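**Student:** Given next are the chains, with one letter for each unit.
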Amino acid sequence: MSTGIASAAAHLTRPFATVSPRTRTRIPLIVTAVLLAVMFSVGSVRYEGFLSAQVVLNLLIDNGFLLVVAVGATFVILTGGIDLSVGSMVALSTMLTAWLVESHGWPLATVIPLVLLVGAGSGTLMGWIIHTFEIQPFIVTLAGMFLARGLCYTISTESITISDPTTVGIAQTRLYGPGGLFVSIPVVIALAVLVIAFVVLHHTRFGRNVYALGGNESSARLMGLPTGSTKIAAYAVSGLCSALGGLLLTFYMLSGYALHAMGMELDAIAATVIGGTLLTGGSGFVLGTALGVLVLGTIQTVVNFQGTLSSWWTRIVVGALLLVFIVLQRLMSGRRPAAD
Amino acid sequence: MTTQPPKSEAAAAIGRRLAGHRLLWPALILLALLLGNLAFHHDFFSVRVRDGHLYGSLIDILQFGAPLILVALGMTLVIATRGIDLSVGSTVAIAGALACGHISTAAHPGSVATMLTAVALALGVALVLGLANGFLVSGLGVQPIVATLILMVAGRGVAQLITDGQIVTVTSAPYKMIGGGYWLTFPFAVLLAAALVALTAFVTRRSALGLLIESVGGNPAASRLVGIRAGGLLALVYVFSALCAAVAGLMISSNVSSADGNNAGLWIELDAILAVVVGGTALTGGRFSLGGTVLGALIIQTLSTTVYTLGVPPETTLVFKAFVVIVVCLVQAPVFRAKVLRRRRTTTPRSHTTAGAAPLQQEVRA
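Going down the list, the protein sequences come from chains A and B.
FYI, the numbering for the first sequence is 211 to 550, going by this note's numbering.
FYI, the numbering for the second sequence is 5 to 370, going by this note's numbering.
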């Protein structure tokens, strides 16, 4: 590597090489926490009514589905893979739910397990193809992304509004806490998913296998760990989480639409990366992912409070933020660039 | 591509060579698709000259396929380096938005100077976007898929920002020329695409550049050890891909005389990847075929045209294309060939098959 940009980058690649690896992996998380605090302080100074407990709870209400999807993405990214199909899977879940409940009159109690099964099944299938035929995860999940989006259009190109009383009832239920604060049912589900994911990743054999697989696949295999089933299971978890996220989004939007959750794969990856998970796998925190989701939610809230900004600014800021954190990861990791 | 069969060789040998040629399958698929269309529309192959312009379904496929050919051309070189560029669709949208935005606010929208400035503006910004992708991939060593995913999603926001969320309509005769005009009775877009393909083929195949790109894709570490500037080459292919996408974006926006930040170039990255893999370039890098890519792009475009003429809702083609991507990738994957295809064809003992497959295993993590 002797090009201008490359040599300049080479100087920049290892400024944190002397910091201990344990501290190094924590730095992005600290940066994220500080960023969140700064955004909240600036928000509460600039906008009236920004600093209230309900605004924080609204962050969860508005982003519960993203939290669930991002938790699933964290599993896949921890194994060193990537799942680009999550946004389309979310859209397909909203579409399936709305279509079956509205157009076919299926009971919600049947539709929910079915949608979760479809999500987990497609995740398993993609994981199986990735593992068995050693095709890069991105191309398999990219095909999955287009397949799911195409299936949405096959069901209907129009938005399907849900008026089913049970669904609307669940969607409008508010769980009140002290001081008149409230959350929705999806928030409780999302937090439960987060807790389960935390326990699974940090306190089970499967969780340790996920980290080992992402750290070094061939070492993991030589140690006798079941790399194949772990990899497939990680994609299954991601598929299941995106289907569940899709269900939560259905309750949030009360509609199914092929254009729902456009670009959510970026949001999920961004939340994971901002939360301190290495894109190369093997290192990260699922609680950090929750922090990442809060950061993205806060950006959206600031854009909403500002009022004069168009919603596409959110996209641009999320993209820019992801860029910054990826560069930060590179500086932290102390590894030489892959091209070297 | 570079070696021509000697004239003295027997016709049988030429035939055998042709049968083993790697462009044979894409060419046959294209031919079958075209013949299939002929069954539905008997004047499918007819090309007429009207008002000094060529008209006909085949010309339409070429004209509407020109942007895809260009995007796939850039994608081929990126994929040859074992990378991928997901941001091409956004680049298409940004280029169209910039050019139309410039023309719609210019004092003389119909002048050639305005058109040239608009084109230069779009290409200049594409150059910067390509450099950004290239820097992330080669300078910082970010996986190509992630590096370009950022621009894929954020880029749509940028395009919306440029057009202010509106569809910008322009009326400019010189600008209309790029995507919808005719020159020497041929659609200008087709001539432009053909010229760029020919130029790329000339540069990559008559100089060592193509070889160097393949070597970087085949084994980045080894290429660096033999003194190839892998970093610079990587950055170059991403810049080239962005420029190709920008020209495609100009063609698309020029053809409909408007820029739509949301829908211009939507899903074109899938079509381009599909065109490249159908054309015989493996996603694992190290080898590329420009002729195959052009054939692949024409196959995709013919498919889209067929879907339109058959009256199937065009959105559902996404399902079909996703299946084709998976099947083509599976057939190309060495492990799949070893596990499924070879087992069926021969009765080799199991131990032999695994021994033969072992050296084919490659690193799948980019």
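Think of the hints as simulated: they come from the structure by calculation, not from any bench.
This one's a predicted model, so the numbers in the text were calculated from it and none came from an experiment.
Be aware that a few hints might be false.
Stated by the list, open to error - Counterexamples of contact, computed for chain B against chain A with all Cβ distances above 12 Å:
hint: 1; residue: Leu127
hint: 2; residue: Gln147
hint: 3; residue: Met156
hint: 4; residue: Phe206
hint: 5; residue: Thr288
hint: 6; residue: Gly315
What the hints assert, rightly or not - Listed next, the stretches of chain A that the computed footprint assigns to chain B, with coverage defined by at least 3 CB atoms under 8 Å from CB atoms of chain B:
hint: 7; stretch: 331–338
hint: 8; stretch: 399–408
Claimed, not checked - To spell it out: a stretch of chain A is covered by chain B in this simulated footprint if at least three of its residues, at any positions, have a beta carbon under 8 Å from a beta carbon of chain B; those stretches are:
hint: 9; stretch: 470–484
hint: 10; stretch: 520–526
Glycine included, C-beta positions come from ideal geometry on N, C-alpha and C.
**Student:** Taking the hints in turn, state whether each one holds.
**Tutor:** Comparing the hints with the structure gives:
1. Distance check for Leu127/B against chain A: the nearest CB is about 20 Å away, which clears 12 Å, and the non-interface claim stands.
2. A cut-off of 12 Å between C-beta atoms contradicts the statement that Gln147/B is not in contact with chain A; the least separation is 7 Å.
3. Its closest Cβ contact with chain A, about 8 Å, brings Met156/B to no more than 12 Å, contrary to its assignment away from the interface.
4. Chain A leaves Phe206/B outside its interface by the beta-carbon criterion, the shortest separation being 24 Å against a cut-off of 12 Å.
5. A beta-carbon of chain A is positioned within 12 Å of the beta-carbon of Thr288/B; the least distance is around 8 Å.
6. For Gly315/B, the shortest C-beta to C-beta distance to chain A comes to about 14 Å, beyond the 12 Å cut-off, and the non-interface label holds.
7. Under the rule that three or more residues need a Cβ within less than 8 Å of chain B, the assignment of the stretch 331–338 of chain A is violated, with 0 such residues.
8. Counting residues of the stretch 399–408 of chain A whose C-beta sits closer than 8 Å to any C-beta of chain B gives 0, which falls short of three, so the coverage hint is violated.
9. For the stretch 470–484 of chain A, the proposed coverage by chain B is satisfied: 4 residues have a C-beta within less than 8 Å of a C-beta in that chain, meeting the threshold of three.
10. With 6 residues carrying a beta carbon less than 8 Å from a beta carbon of chain B, the stretch 520–526 of chain A meets the three-residue requirement, and the given coverage holds.
The structure does not agree with the numbered hints 2, 3, 5, 7, 8 stated previously, though it agrees with the rest.
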